[in-house]
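J.: Listed below are the residues making up each chain.
There are 2 protein chains.
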Amino acid sequence: MKEFDFIKQITPSFYKQSSVVKGIGDDGAVIKPPNGHELVVVADAMVEGVHFSLDYMSFHDVGHRVLAANVSDLCAMGSTPLYYIVTISVPTQYTKEDISQLYNGMQGLAKSFNMDLIGGDTTSSDQLMISITAFGSVLSNQKRLRSQAELGDLVFVTGYLGESGYGLHLLEKKEPDSYFINRHKRPVPRYHFIQASSRIDRLSLNDISDGISTELNEIAEASSVDITINYSQLPVHTDMATLQEDWLRELVLSAGEDFELVGTCSKEAWVQLEDACHQFNIPITSIGQVRMQAGERPTVKLREEERDIVLDREGYEHS
Amino acid sequence: MKEFDFIKQITPSFYKQSSVVKGIGDDGAVIKPPNGHELVVVADAMVEGVHFSLDYMSFHDVGHRVLAANVSDLCAMGSTPLYYIVTISVPTQYTKEDISQLYNGMQGLAKSFNMDLIGGDTTSSDQLMISITAFGSVLSNQKRLRSQAELGDLVFVTGYLGESGYGLHLLEKKEPDSYFINRHKRPVPRYHFIQASSRIDRLSLNDISDGISTELNEIAEASSVDITINYSQLPVHTDMATLQEDWLRELVLSAGEDFELVGTCSKEAWVQLEDACHQFNIPITSIGQVRMQAGERPTVKLREEERDIVLDREGYEHS
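One line per chain: the protein sequences are U and A, in this order.
Here the UniProt record's numbering is used: the first residue of the first sequence is 1, the next is one more, and so on.
Here the UniProt record's numbering is used: the first residue of the second sequence is 1, the next is one more, and so on.
Hints should not be assumed to be uniformly reliable.
Partial selection, computed: residues in chain A whose CB lies under 7 Å from chain U [claimed, not checked]:
1) Gly28
2) Val40
3) Asp44
4) Val50
5) Ala76
6) Ile85
7) Glu97
8) Gln101
9) Asp126
FYI, nobody ran anything at the bench for these hints, they're computed from the structure.
Just so you know, even glycine gets a beta-carbon here, dropped at the ideal spot from N, CA and C.
Please put together the full structure from these sequences, using the hints given.
T.: Here you go:
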């Protein structure tokens with residue numbers, strides 16, 4: 001694959017974002033972010049054999065998925081996606097057509113959010129690896145930080161939990177394509193949540209990349225609060241409700257990669273948020289409460305049949 | 001290596017750049033670039049076995065080198081370095097100490113430019129790979145683009161050519177440390193050139209990462225001009241002048257990775273630039289001229305003993 005020809009091929013003929021002063025084609029891109037806005041920058045990399053397998057995912061799927069992970073981070077910061085940069089390391093056995101498909105996967109998703117590819121780097125390697133840096137804009141008072149949870153907040157989550165993990169299991173078993181498989185291969189970040197929640201003053205927010213246990217622990221730690229969630233309230237797709245109980249539990253608490261959003265807001269804001277999400281057709285569920293930090297460290301607890309167990313970052317449970 | 005602990009370790013206790021609103025520790029970083037400035041974004045990745053070997057470079061060297069490549073791109077755009085983001089894929093056989101050394105290498109260089117590490121991602125892999133996105137700020141009218149060469153310009157280059165390539169050769173031969181080896185292991189980007197050239201209205205500029213033949217072809221193509229350089233004027237370190245002639249020629253024209261700057265400016269500006277570079281102790285040499293595009297495509301020519309030969313992007317010569 002000749003790098004020079006390839007760059008020419010992926011260089012867009014025009015940029016959708018007017019804040020792109022200079023796109024691909026020099027030592028770097030030049031941007032002038034919208035006045036009065038702050039710029040959010042996220043980075044997420046995926047490696048073949050670690051984050052995906054080409055045995056059951058196409059190059060197009062992989063491209064889609066790695067950009068989706070980045071856009072999900074932008075959404076979790078409350079920012080509107082703008083641009084992305086791709087560095088990619090490609091083993092020699094992959095063809096130009098393979099890598100074109102991978103970029104097509106990214107561009108397909110980018111298009112629906114008006115995002116521009118503004119730069120990158122292509123190198124060779126023994127293992128396919130894609131690293132993306134993505135940019136979003138946010139008004140200063142609409143940043144959604146992990147540190148913004150407050151005592152008395154409700155905890156909420158969008159969508160249904162464990163779907164991507166279940167989809168991966170079906171993929172590995174070589175089941176035919178289905179809703180759950182698609183949730184793993186082509187997750188769609190909760191882009192419209194940014195608009196739905198734009199009138200809420202304060203939200204703490206995380207996207208579910210590593211499992212809800214990790215994400216809630218991050219919010220608890222950053223906000224110095226305890227969080228209690230109720231197992232019976234965790235949203236599960238009806239077609240997954242019949243799965244073996246321990247497995248379902250693991251999928252729901254720890255599987256991650258659903259790219260749903262989890263966060264907290266005041267009880268007053270919750271009424272407004274639930275209504276707005278309904279209008280945008282975003283499933284949203286209240287799953288718990290933010291409490292005062294009781295012990296030495298912020299803690300996440302899972303309440304089940306009136307018993308509390310501690311959930312650590314990895315989703316392991318301690319009595 | 002536990003990712004969570006490691007991120008804690010590399011998170012700075014404060015940020016030198018006041019435009020960092022939120023650094024490491026959420027789904028993304030938040031920045032508010034200086035008013036009136038544009039933001040330059042560059043990306044450069046290095047892969048073990050492709051761009052470096054740990055047989056002859058330390059983890060510290062590798063960290064230094066990959067950030068230097070990015071800062072060099074920022075300088076080639078005329079921008080002042082601000083922040084950087086690192087995604088790194090690490091094979092399990094490398095220890096936390098190894099990777100700390102790699103980050104130390106980056107941080108050592110970053111410190112001299114007041115750059116902040118503001119985010120990143122860490123994954124596992126079979127092959128060490130480091131991808132950096134770096135940010136700089138520039139006033140709108142001080143961007144240094146490849147497309148800004150004009151008829152009648154002089155062509156200039158900073159420093160001496162082929163030093164990094166020669167250093168790599170010495171390293172591979174396991175020679176003891178020397179000036180040239182250090183030029184390969186720890187190149188220092190031409191940061192002060194930005195200040196030295198700040199009063200010049202217009203410059204075309206590229207950094208020499210792929211060899212001067214590639215870089216000059218990029219300027220010629222972006223500016224739709226021909227460029228002629230004179231072989232006898234190309235700056236070569238006196239200790240390299242005795243190398244076998246064909247080898248020296250290849251090092252000077254094609255080896256690259258010197259991270260020197262090559263560009264063009266008007267004859268009037270050249271007097272000013274030469275003087276300013278002298279004050280900043282930056283060696284700078286005039287090596288040729290920008291001419292009208294004579295043929296169908298922009299062309300770079302090497303003039304030697306009153307004979308012109310065409311230099312393509314790879315540095316191959318055609319009569």
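J.: All hints, please: hold or fail.
T.: Structure-based check of all given hints:
{"no.": "1", "hint": "Gly28", "verdict": "holds (4 Å)"}
{"no.": "2", "hint": "Val40", "verdict": "holds (5 Å)"}
{"no.": "3", "hint": "Asp44", "verdict": "holds (5 Å)"}
{"no.": "4", "hint": "Val50", "verdict": "holds (6 Å)"}
{"no.": "5", "hint": "Ala76", "verdict": "holds (4 Å)"}
{"no.": "6", "hint": "Ile85", "verdict": "holds (5 Å)"}
{"no.": "7", "hint": "Glu97", "verdict": "violated (22 Å)"}
{"no.": "8", "hint": "Gln101", "verdict": "violated (21 Å)"}
{"no.": "9", "hint": "Asp126", "verdict": "holds (5 Å)"}
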